[in-house]
Amino acid sequence: MKTLFFDIKDHIDPEEDAFLLKGLIANALERSSPPYSEQALSIIVRDDAGHIIAGLTGKTFWNWLYIDTIWVEKEQRKSGLGRQLVEKAEREAITRGCHSAYLWTEDFEGEGFYPKLGYQQFVEKADFPNGHRRIGFMKRIAA
Amino acid sequence: MSVGLLEISDYIDPEDLDALEERLHDYTREETGLTLDFVPLSILKRDEDDDRIVAGLYGESFWNWLYIDSLWVDDALCGQGVGRSLIEAAEEEARARDCTGVYLWAQSFTSPDFYAKMGYEVFAELPGFPVGHRRIGFMKRLLQTSEQAGSR
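If you're matching them up, the sequences are chains A and B in order. Per the numbering used here, the very first residue in the first sequence carries number 5; after that it's consecutive. Per the numbering used here, the very first residue in the second sequence carries number 10; after that it's consecutive.
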């Protein structure tokens, strides 16, 4: 086997990224997996002045919805806006052929919020970050 | 205050995402005093002759954990321990970044056995991901060496 250069760094070159992902997808396809395609999802709520007061971003891929970020302005919390965002995302995911959703949250974020929306914890990681727990939630959203 | 319409889109405006992330960071700082400390990690192996990328791993560390996003090895190099060496290099870097653990997602149709052999344990199995397959979460806690433990 030839010697291979080893290149380790703390930034990601978009071109190299694309190359790696392409190889990964090609490999996966060869193993007769379903084709991979992901679609972004963004739901933004603005006030009359156009300022963002709440929002959700994520993506759908392989029949699942992944919720990446969700935020609601302090004054709007407990107004049901968070619930609306999640429900809207779920409905959109269903139209995209998704049957389930998953996300990560922290013990200081949405640990109490997601169970109320029917989400079940699938993992809890201690010391993530140190002194806190990171929790994975999932939900079946369609039959 | 009236609440505007929900704008739903299959395009994430980078400005919107920046705004949301900034507000989330503020929230986290207010609640916990913590700041998000994302540091990307990219490890590439290149061919000696033509500098072509023949294997690579990328991911990011944050909050004392390393997340491995993708690992890829050229078919011609499969079975030669390249994947193992990439994971080991990533773990070494994770230790250097004070991470207590590493986690990643694998698919039932890729090679979940590989991660088990590397000492990773399953933390989740998401069914029908994609339909007919499973998405498998693997994690590994990095043990402190006695030297590190002694110095703290």
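Rather than coming from a laboratory, the hints here were simulated on the basis of the structure. For each residue, glycine too, the CB sits at the ideal point set by N, CA and C. Treat the hints loosely; a few may be bogus.
Unchecked claim - Derived lysine to any residue pairs resembling SDA-like cross-links, with alpha carbons at most 20 Å apart: (1) Lys92/A with Phe71/B; (2) Lys78/A with Glu31/B; (3) Lys120/A with His103/A.
Stated by the list, open to error - Here are a few chain B residues that sit away from chain A, every Cβ distance over 12 Å (derived from the structure): (4) Leu50; (5) Gly65; (6) Ala125; (7) Arg150.
Hints and how they fare:
no.: 1; hint: Lys92/A with Phe71/B; in the structure: violated, 29 Å
no.: 2; hint: Lys78/A with Glu31/B; in the structure: holds, 14 Å
no.: 3; hint: Lys120/A with His103/A; in the structure: holds, 19 Å
no.: 4; hint: Leu50; in the structure: violated, 7 Å
no.: 5; hint: Gly65; in the structure: violated, 5 Å
no.: 6; hint: Ala125; in the structure: holds, 17 Å
no.: 7; hint: Arg150; in the structure: violated, 9 Å
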